[in-house]
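Residue numbers (this note's numbering), protein chains in the order written: chain A, 1 to 258; chain B, 259 to 516; chain C, 517 to 909; chain D, 910 to 1302.
By construction, these hints were calculated from the structure, which means they are not laboratory data. Hints may contain errors.
List time: in silico EDC-like cross-link candidates among lysine to aspartate or glutamate, alpha-carbon distance up to 20 Å [unchecked claim]:
#1 Lys668(C) x Asp1279(D)
#2 Lys111(A) x Glu157(A)
#3 Lys340(B) x Asp810(C)
#4 Lys737(C) x Glu1040(D)
#5 Lys737(C) x Asp962(D)
#6 Lys581(C) x Asp962(D)
#7 Lys1061(D) x Asp849(C)
#8 Lys974(D) x Asp1279(D)
#9 Lys974(D) x Asp558(C)
#10 Lys182(A) x Asp1087(D)
#11 Lys581(C) x Asp1279(D)
#12 Lys1130(D) x Glu738(C)
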Amino acid sequence: MNRINQKIQENKKLLSIYFSAGYPNLEDTKSIIKNLEASGVDMIEIGLPFSDPLADGETIQQSSTQALKNGMSTALLFEQLKGIRSTVTIPLIIMGYFNPILQYGVADFCKKCHALGIDGLIIPDLPLAVYQEQYQKIFEHYGLINIFLITPQTTVERIHHIDKQSKGFIYMVSSASVTGGKSGFGNVQIDYFKRIEKMRLKTPQIIGFGIADYLTFKLATNHAKGAIIGSAFIKALTSNGVTGIEDFINQIKNEQNT
Amino acid sequence: MNRINQKIQENKKLLSIYFSAGYPNLEDTKSIIKNLEASGVDMIEIGLPFSDPLADGETIQQSSTQALKNGMSTALLFEQLKGIRSTVTIPLIIMGYFNPILQYGVADFCKKCHALGIDGLIIPDLPLAVYQEQYQKIFEHYGLINIFLITPQTTVERIHHIDKQSKGFIYMVSSASVTGGKSGFGNVQIDYFKRIEKMRLKTPQIIGFGIADYLTFKLATNHAKGAIIGSAFIKALTSNGVTGIEDFINQIKNEQNT
Amino acid sequence: MQYNINENGYYGDFGGAYIPEMLYPNIEELRQNYLKIMTEPDFITEFNALLKDYVGRPSPLYFAKRLSTRYNTKIYLKREDLNHTGAHKINNTIGQILVAKRLGKNRIIAETGAGQHGVATATVCALMNMECIVYMGEVDIVRQAQNVARMKILGAKIVPVLSGSKTLKDATNEAIRDWINHPVDTHYIIGSVVGPHPYPDMVARFQAVISKEIQWQLQEKEGRSNPDYVIACVGGGSNAAGAYYHYLENTDVKLIAVEAAGKGVYSGESAATSILGNEGIIHGSKTLLMQTQDGQIVEPYSISAGLDYPGVGPMHANLFKSGRAEFIAITDDQAMTAGLELCQLEGIIPAIETSHSLAIFNQKKFKPNDVLVINLSGRGDKDLNTFINHFKL
Amino acid sequence: MQYNINENGYYGDFGGAYIPEMLYPNIEELRQNYLKIMTEPDFITEFNALLKDYVGRPSPLYFAKRLSTRYNTKIYLKREDLNHTGAHKINNTIGQILVAKRLGKNRIIAETGAGQHGVATATVCALMNMECIVYMGEVDIVRQAQNVARMKILGAKIVPVLSGSKTLKDATNEAIRDWINHPVDTHYIIGSVVGPHPYPDMVARFQAVISKEIQWQLQEKEGRSNPDYVIACVGGGSNAAGAYYHYLENTDVKLIAVEAAGKGVYSGESAATSILGNEGIIHGSKTLLMQTQDGQIVEPYSISAGLDYPGVGPMHANLFKSGRAEFIAITDDQAMTAGLELCQLEGIIPAIETSHSLAIFNQKKFKPNDVLVINLSGRGDKDLNTFINHFKL
Ligand SMILES: Cc1ncc(COP(=O)(O)O)c(C=O)c1O
Ligand SMILES: Cc1ncc(COP(=O)(O)O)c(C=O)c1O
């Protein structure tokens, strides 16, 4: 069974962290992953940086740009991830835009992920229909879960459709926004969370976008299986580096004055 | 008999000088006229300054502009010319654009000229046909000669026509140019002078435009009754003032090193 | 009553050719030939083909819905701004360059204020491979820098004019002087219905295409060829002359001429000739002009270089004197505000000259069923900096 | 072979909609409605009326006599430069604003490079009273300052984009992000035949008026509706798509696409996508793009802001791959020289984008009887400073 599915079955709210591989320093990838696991994070999304990340806000854009400047590449990321499974046990997901994956070759990419022990992929600009038509077989062959997104604008029909196609979890975008938008949730978001909750989908949801601290993590996980933090984590990395990871995660997990 | 016609009958080549009234100083008019007569000039064209002298080059434009700035006006010029005939005997002609004359009232203007002892007018932008239709009677009533121009481009027919209408002299423009152009005459001008000479017009011609010194005066008067100096005289006035007039005229009349 | 020109070259008391003898042959050559040339079939064919394929005529007659709603009347805009080079001026320069060619000229001179006429002249000179010299006041060179650049790129030589107010009037003087200096090979393309006869008539005839088109376009849109009002700004008056032309003798159609009042008609910085001027002679024509009691021409002022002229064409002097046209004076500020309003209501950036016409709604009320045609004489690309600075955008 | 789009939103291998889920509802709404809206009689009536009365269509098909003589072939120029706002871009923005209105949107966003699309969008937003936000790279804001001024005057908000190469690609990213942030009330007016399906098809259909007019205009002039060549510059490719549209399946008509080679195709400063690019995904569409081996998009370079884009629309990717169109790359210098040549031979100042098309005579010989139609996609008023500086005029 895929590590994602195993993790989902645990009776707890899940904390997932996104970071851009190669940022702040080219060689930080492995130590960020290890630190995250050591800090008690449940799942990690490793960002494969892209020059034109059009669903991302400034923070992730800038970390991607810097990562590319540092020399990050698909091949190098795979190189860095070699042997990661000798120590890391939590689910690892690669999140990246479709073009770099396409250039690598989708099959080769999946094969490599499989070999390295990657559990799933999030490719925001690979639409469900194209995935099904052209790539699903490959993903499945290599035991990779492809994660789909829903947003507050996704229709009920489409949510059901996505639910049916989904394995692992549904990435539930908290609001109509690119990453790194205003953090915090208002009534609109809460209503949306409740609406989805009531749909009792077969696939658990993990909420992302706008989660930055204990409060927002708590609010989100009141209504979902887990939550994903991206921009807020990258900002912390920028300020405090790899050694600050534990503190950051602690702040998320425990109520305290920040 | 009009002083212009008397002067024309003298058996000599005539030197006529143009200046802008009110330049260099507002009150110079009378003393310029007296100095010119004293220096042996045969005829004077008193320029009534105009804001937009479109047949004039830079020198006369600037002297007109300065004269207006100094405060020159039609009324003031007439004021300054009061009593001029108590001392000055050579022909006096007012040269000016039509609009200021029109605003003064053509009849009033002519009446005033007559009273002051002005002998003729040169109005470059009052065409012959309009003159004949509307103003000739007034001019004649006040004994004023209206001087017409011909240029190298004037057709033979029109020259004959102008000759017929002319009294006093024909103002023969030496070349296709505004005033103050290059001085000196080439073959084209000399041929033109000869061509007009051969036409044996009833009206004597006085050549203007491009005459600046002994040589050009001599050349022009080889082929015509006289010559008019404007821009060169104004330049001399600018440099040397009223007291330099005698020297300037001497240089024109006598061959000498300049 | 006759509002068009008579056989002597006059509109009522106005017009004629008050020119120095040096220009007599040129003007006479033109006078004797212009109507003959303009009625030759091959001229008509060439002129019409260029208007269509090169200039882009017919220019649309556009019903300005939002503007009409704002002022509760029916406003059509005659889109001369869509002509090649961006104003009505090219109608005339196309015509004149074809006349010049037939007169055997190979050197073209022009004056320009806003630069639109200079650009239109440089354009047709490039098209016909003729030398082009444009006189432009130094003040206008600065405020219409964009058009200066266009003329340069088109290969024209621009001569800065430093005399007088360094604007359109002085540029015209300098062009006339050039013509005196080059009487044989040169044609002077005057840019408005000013100057000695036959210029006002010739230019008006070339611009008359505007009202000719309005007639059939309005027929298509409103089932009538006569609007209630034709409205145009007047610098020299060529765009107005063109917009009025086929309506001159048809007094059902009211004519409104809009002049530039600068900082206020009586501020001492104005170009509202009909109010401030009286009869006189400017640039070879008897007309209305702003002058001192002494007959010295007064330096005008307007924010718009193309209206910054102390006279009007003789046709307009006569339309004013006879009462055939109503004259309205619009200040800089009113014009700028009306120009910006058109931008934001209709998505059309008008020239500042044109913006004056658009400001009449401050001064005059129209009925809901009145059909107005405003001649949108030119686009405002040349005036962007003035707009930006004026409104601190 | 089929060169137009298929029912799945692909041109051959290219096209599709590679978009994040956040945009799915918007794109889906558009996909389901665009053809329905575009074929409604009231849409067609309104669209055609605006093209005629507001944009000034048909744009002339002008036989360029002096240019034809110079290159000993028959050159027609399709005068999109005469459209309101000065380029072909407005054909598309008029269409899209009418679609947006019918979809109930009241907020419009757009990206722009040369600023022509930004101006065209600001224009139609003013006309339709909609809020307008334009994303523009900081580099382009500087080099196309004139168009920035126009957008401001028209009431649009301009957002400077500081990411990437600070040009068109980055402005497009930013506009897409805005759309993600405003999924309900906002329509994104893309300015070229790029982006996810149905944009390339929708934009091409709006621009198709160009080739539709060429057909009857050429019939009038040459007694045939098919030229031998249709030539257009390709940034994203919308003016080319419009000029080719009705000739796509008619292989008697040869198509030439002109790309920007910047300082030289292989100089490292170029935007010649067909030569330097390969298949990939950019801005939601599978097409040709300039990218590293790793799939990172390469920052392009061209002196012309409108061609400074690392991709081409999927239609063009397919025309290239299939060999249906010939692709020619023109450097900055060649384009500038050809642009100036048109100014001085024909009195038409072309946009620098367009100037690239005019430079093909350096690279390709035509027969004296060949009939060429070059799409004169825009006027060069926005590029005057670049011309003046380049040639030190
Ligand atoms: C757009 C525009 N409108 C009007 C004018 C004024 O000229 P006219 O009064 O001859 O139409 C100009 C002059 O340059 C102009 O450019
Ligand atoms: C005049 C002109 N031509 C061409 C282009 C390139 O766009 P496209 O390739 O979509 O026609 C632009 C873009 O701004 C433009 O302004």
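Cross-check of the supplied hints:
1. Lys668(C) x Asp1279(D): Violated, at about 33 Å.
2. Lys111(A) x Glu157(A): The hint is violated at about 33 Å.
3. Lys340(B) x Asp810(C): 19 Å, holds
4. Lys737(C) x Glu1040(D): 30 Å, violated
5. Lys737(C) x Asp962(D): 11 Å, holds
6. Lys581(C) x Asp962(D): 12 Å, holds
7. Lys1061(D) x Asp849(C): With Cα atoms ~19 Å apart, lysine 1061(D) and aspartate 849(C) stay inside 20 Å; holds.
8. Lys974(D) x Asp1279(D): 14 Å, holds
9. Lys974(D) x Asp558(C): Judged against 20 Å, a Cα distance of about 17 Å means the pair holds.
10. Lys182(A) x Asp1087(D): 14 Å, holds
11. Lys581(C) x Asp1279(D): It is violated: about 45 Å lies between the C-alpha atoms, which goes past 20 Å.
12. Lys1130(D) x Glu738(C): Violated - the C-alpha atoms of glutamate 738(C) and lysine 1130(D) are around 32 Å apart, more than 20 Å.
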